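Trainee: Sequence:
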Amino acid sequence: MEKTSIRRAAMPVAVLVAGAAVTVTLGGCSHQSPGTAGAQAVSTPSAAPSVPVTPSASADTGSARSLATAAYLGMWRDMATASRTADWEAPALAHHATGAALSAISRGLYADHLNGLVAKGAPKDYPVVTSMDPSVDPTTVMISDCGDSSQWLQYRKDTGKLADNRPGGRQAITAEVKQQGDGSWKVTRFAVEAVDSC
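Counting in UniProt numbering, the sequence shown runs without a single skipped number right up to 198 at its last residue.
Since the hints were derived computationally from the structure, they do not count as laboratory data.
Source: prediction; values computed, not measured.
Even for Gly, the Cβ is constructed at its ideal location relative to N, Cα and C.
Be aware that one or more of the hints could be misleading.
[Claimed, not checked] Have a look at the derived ranges for each label pair, beta carbon to beta carbon: (1) H95 - T140: 49 to 59 Å; (2) A94 - G62: 35 to 45 Å; (3) G116 - Q151: 34 to 44 Å.
[What the hints assert, rightly or not] Computed cross-link-like contacts, BS3-like style, restricted to lysine-lysine with a CA-CA straight-line distance of at most 25 Å: (4) K178 - K124; (5) K120 - K161; (6) K161 - K124.
Build the full structure now, drawing on both the sequences and the hints.
Mentor: See the structure below:
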């Protein structure tokens, strides 16, 4: 796999997304979204498994689909809010992310803090559920996205000037969202590919 270049001081975090081991690196200089983890190329998750068409199974999968998607979108909202001040310790970051996902976000924001970077704006996301496991009463949902970071850019905290003169853009994202022990849904792992990867 070929590494994509990314923004922030290098801090690798091993992440497993869609069955492929990838290295999430926070560092470098490129078009990555603020506060996000860059990654090696990731295979797209397989298509959603067929689910028996029964009223209860349909309700279970529909609920899992909507709750996982809401958690995924919530993670990006929380990250965008925290990136305005590079607050790597913002309690809201744990509302929709946990495990490797939360660690990657916190490390990225901490690197931004050390480098004097903040972000303005927010990403636009277009999540699509690609698979659910198990097929009845799912507890793990895989999401594919072609997120747009062109309106979520980094600026120098001291001068207010754009930190990178290259705009963001469309980036392929793969995420794993799992139901937690308390019934909530959180993103556990995610990978963001280079600008123009989708």
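Trainee: Evaluate each hint against the coordinates.
Mentor: Here's how the hints hold up against the structure:
no., hint, result
1, H95 - T140: 49 to 59 Å, "violated (19 Å)"
2, A94 - G62: 35 to 45 Å, "violated (26 Å)"
3, G116 - Q151: 34 to 44 Å, "violated (22 Å)"
4, K178 - K124, "holds (22 Å)"
5, K120 - K161, "holds (11 Å)"
6, K161 - K124, "holds (22 Å)"
Hints 1, 2, 3 from the list above are not met by this structure, while the remaining hints are.
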